[in-house]
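Use the sequences and the hints to build the structure in full.
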Amino acid sequence: KALKEHPEYLPPRGESEIPYHLVPVGRIKRIFYPEKRVPKIMNNAADDLEIKARRLIKIFSKEIPIEKIGVTGSILIGVHRPDSDIDLVIYGRKNFMLARDLLKKLIRGGIIDQLDEKEWEGAYRKRVGNKDPDYYTFEEFLQHEKRKFNKGVISGTKFDILMVLDDDEEDKAGKEKGWRKIGKIKLQGVVEDDSYAFSYPARYGIWSIEGIRELISFTHTYMGQAENGEKIEVSGVLEEDEEGSRRVIVGTTREAVGEYIKVLEV
458 KALKEHPEYL
468 PPRGESEIPY
478 HLVPVGRIKR
488 IFYPEKRVPK
498 IMNNAADDLE
508 IKARRLIKIF
518 SKEIPIEKIG
528 VTGSILIGVH
538 RPDSDIDLVI
548 YGRKNFMLAR
558 DLLKKLIRGG
568 IIDQLDEKEW
578 EGAYRKRVGN
588 KDPDYYTFEE
598 FLQHEKRKFN
608 KGVISGTKFD
618 ILMVLDDDEE
628 DKAGKEKGWR
638 KIGKIKLQGV
648 VEDDSYAFSY
658 PARYGIWSIE
668 GIRELISFTH
678 TYMGQAENGE
688 KIEVSGVLEE
698 DEEGSRRVIV
708 GTTREAVGEY
718 IKVLEV
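Numbered as in my numbering, the sequence shown ends at 723 without a single skipped number.
Be a bit skeptical, because a hint or two may be false.
Taking lysine-lysine pairs in the DSS-like style, the calculated list, with each CA pair at most 25 Å apart, reads [said to hold, decoys possible]:
1. K603 - K588
2. K509 - K615
3. K509 - K583
4. K493 - K519
5. K551 - K519
6. K497 - K509
7. K519 - K603
8. K551 - K615
9. K515 - K615
10. K561 - K615
Calculated directly from the structure, the hints in this document are not laboratory data.
Right, here's the structure in full:
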């Protein structure tokens, strides 16, 4: 409804037939920078949640330059509550992978807690709603999520680490092309390039019998979902550009009902 009433928020014609919104530059009132929030938290943490965020920043800055760490989400704009989560941004793919490795060690060493069953259940419900979809069960969700090492719990508060590419790492693939929607598709393939698996949108280079070489996910559920060499099953929407190149999109709506990326043998 909002996009119908405000067509100026739609992407340029021909870029994609999958609906999403873009805010016109002239409508932007203020830009919040995650990395600029960090010094304020380090110098003057205003509440218990910011104190926990400061502890996390100190932990990760032992391996990663502090200027490559940011804080986003509700803390960034100052609307967080005591029960809010913490969202850390790690700039640069190499730094993000270092952060994941560090988090893995911290969890296994008992310094940072892994999510418990209730917290995993809450994360699952946030993604799929109250119904249990047969196309992506809670058990499948757990199998994929527990190996990503991009979230944890500090003093009872859940946190996530998110990757933002540095400017020289930006993935320009496909952005200059016009894409049109062909229809729904389900296929199997093998991941050949997972370099942008934790980006937004997540992008996977794949091999498939159908000749499709690219997979894009616009939902965080399937970020970092598969690694190089793994066989996957995908359900999404097929797109084609003016040159005949094809790709599959997962997450064409907020709920992404019936759309998924699954590793066949986790």
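Hint-by-hint comparison with the structure:
1. K603 - K588: At roughly 21 Å apart (the allowed maximum being 25 Å), K588 and K603 satisfy the hint.
2. K509 - K615: holds (10 Å)
3. K509 - K583: Status holds; Cα separation ~23 Å.
4. K493 - K519: holds (19 Å)
5. K551 - K519: It holds: about 15 Å lies between the C-alpha atoms, which stays within 25 Å.
6. K497 - K509: holds (14 Å)
7. K519 - K603: With Cα atoms ~24 Å apart, K519 and K603 stay inside 25 Å; holds.
8. K551 - K615: holds (24 Å)
9. K515 - K615: holds (17 Å)
10. K561 - K615: holds (15 Å)
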